[in-house]
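There are 2 protein chains.
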Amino acid sequence: MNELFKALADPTRRQILELLKAGNLSAGEIAERFAIGKPAISHHLAILKAAELVEARRSGQNIIYSLNTTVFQDLVAWVYSLKTVEEDGT
Amino acid sequence: MNELFKALADPTRRQILELLKAGNLSAGEIAERFAIGKPAISHHLAILKAAELVEARRSGQNIIYSLNTTVFQDLVAWVYSLKTVEEDGT
Chain A
2 MNELFKALAD PTRRQILELL KAGNLSAGEI AERFAIGKPA ISHHLAILKA
52 AELVEARRSG QNIIYSLNTT VFQDLVAWVY SLKTVEEDGT
Chain B
2 MNELFKALAD PTRRQILELL KAGNLSAGEI AERFAIGKPA ISHHLAILKA
52 AELVEARRSG QNIIYSLNTT VFQDLVAWVY SLKTVEEDGT
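Chains A and B, in that order, give the protein sequences. According to this note's numbering, the first sequence is numbered sequentially starting from 2. According to this note's numbering, the second sequence is numbered sequentially starting from 2.
Worth double-checking, as some hints may not be accurate.
Per label pair, the in silico range of CB-to-CB distance [what the hints assert, rightly or not]:
id	chain 1	residue 1	chain 2	residue 2	range
1	B	64	A	16	34 to 40 Å
2	A	51	B	53	37 to 43 Å
3	A	51	B	4	19 to 25 Å
4	B	75	A	41	23 to 29 Å
5	A	12	B	58	30 to 36 Å
6	B	19	A	38	37 to 43 Å
7	A	16	B	57	31 to 37 Å
8	A	51	B	36	27 to 33 Å
9	B	37	A	81	25 to 31 Å
10	A	74	B	53	22 to 28 Å
11	A	33	B	19	40 to 46 Å
12	B	37	A	22	35 to 41 Å
Simulated pairs of lysine-lysine, DSSO-like, Cα-Cα distance not exceeding 30 Å [claimed, not checked]:
id	chain 1	residue 1	chain 2	residue 2
13	B	50	A	84
14	B	50	B	22
15	A	39	B	84
16	A	39	B	7
17	B	22	B	7
18	B	50	A	7
19	B	39	A	22
20	A	7	A	84
21	B	39	A	84
22	B	7	B	50
23	B	39	A	50
24	A	50	B	84
Just so you know, the hints here were simulated from the structure itself, not pulled from any lab data. Note that the structure is a prediction, hence the values are computed from the model and not measured. Don't be surprised by glycine CBs; every beta carbon is placed ideally from N, CA and C.
Kindly produce the complete structure, drawing on both the sequences and the hints.
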């Protein structure tokens, strides 16, 4: 979970996830939406992939990125496990 | 949100949140549950407080920490906004 949260602690990476929500994209298509050059985007994509927030699959010449919703489910489950607080503390 | 995710990207801080789920605790009570000294715990608590994941209030000689569930709601809302993926990508 450390890698997961570290991956989420960057605004560009969160924006990439929000882009992928609307549909799968190649690295090139993602890079077009940002002012910060393709190598930087590739680095962010590698971090997102290592954290299993995105999946990558080859399609011809391109690598297509998609959201990995399984990890989001785990994340929501963890947050909910904290959110259901018994208000019986002192 | 950067501070929020950075705060969550540490196992000790996540364990503190899980402890506080069961009830509010003073810094001393929290430190008793960990093998890493009180100054380190104070540092973790300061980071959790800066990220608004916990609230601190003075009670006599002690500062009592509690979960700030508002931030958890924001976090769940953000994750859900990504999780409701339209599967219409390429």
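Hint-by-hint comparison with the structure:
Take residue 64 of chain B and residue 16 of chain A: their Cβ atoms lie about 37 Å apart, and the range 34 to 40 Å holds. A C-beta distance of roughly 28 Å is found between residue 51 of chain A and residue 53 of chain B, which places it outside the suggested range of 37 to 43 Å. Range check, residue 51 of chain A to residue 4 of chain B: about 22 Å between beta-carbon atoms, so the 19 to 25 Å window is met. Separation of residue 75 of chain B from residue 41 of chain A is about 28 Å and conforms to the stated range, judged on CB atoms against 23 to 29 Å.
A beta carbon spacing of about 31 Å between residue 12 of chain A and residue 58 of chain B agrees with the range 30 to 36 Å that was offered as a hint. Between residue 19 of chain B and residue 38 of chain A the CB atoms are about 40 Å apart, so this pair conforms to the stated range of 37 to 43 Å. Our hint of 31 to 37 Å for residue 16 of chain A and residue 57 of chain B holds, since their Cβ atoms are close to 32 Å apart. For the pair residue 51 of chain A and residue 36 of chain B, the supplied restraint of 27 to 33 Å holds, since their beta-carbon distance comes to about 29 Å.
Range check, residue 37 of chain B to residue 81 of chain A: Cβ separation about 28 Å, and the 25 to 31 Å hint holds. Hint check: residue 74 of chain A to residue 53 of chain B, Cβ distance near 25 Å, so the stated range 22 to 28 Å holds. Against the hinted window of 40 to 46 Å, the Cβ-Cβ separation of residue 33 of chain A and residue 19 of chain B comes to about 41 Å, which satisfies the hint. A beta carbon spacing of about 39 Å between residue 37 of chain B and residue 22 of chain A agrees with the range 35 to 41 Å that was offered as a hint.
Pair hint residue 50 of chain B plus residue 84 of chain A holds up; C-alpha atoms about 17 Å apart against a cutoff of 30 Å. As the CA atoms of residue 50 of chain B and residue 22 of chain B are separated by approximately 15 Å, the hinted pair is consistent with the 30 Å bound. A C-alpha spacing of about 26 Å is found between residue 39 of chain A and residue 84 of chain B, which places the hinted pair at or below 30 Å, so the restraint holds. For the given pair, residue 39 of chain A sits about 25 Å from residue 7 of chain B by alpha-carbon distance, which is consistent with the 30 Å threshold.
The suggested pairing of residue 22 of chain B with residue 7 of chain B holds, with an alpha-carbon distance near 20 Å, which does not exceed 30 Å. Between residue 50 of chain B and residue 7 of chain A, the direct Cα distance comes to roughly 18 Å. Compliance with the 30 Å bound is thereby established for this hinted pair. Using a Cα cut-off of 30 Å, the hinted pair residue 39 of chain B and residue 22 of chain A is violated, with the two alpha carbons roughly 42 Å apart. Our distance criterion of 30 Å between C-alpha atoms is met by residue 7 of chain A and residue 84 of chain A, whose separation comes to about 21 Å.
For a cut-off of 30 Å, the pair hint linking residue 39 of chain B to residue 84 of chain A stands: about 26 Å separates their Cα positions. The hinted pair formed by residue 7 of chain B and residue 50 of chain B meets the criterion: a straight-line CA distance of about 12 Å does not exceed 30 Å. Between the alpha carbons of residue 39 of chain B and residue 50 of chain A the distance comes to roughly 36 Å, so the proposed pair goes past 30 Å and is violated. For a cut-off of 30 Å, the pair hint linking residue 50 of chain A to residue 84 of chain B stands: about 17 Å separates their Cα positions.
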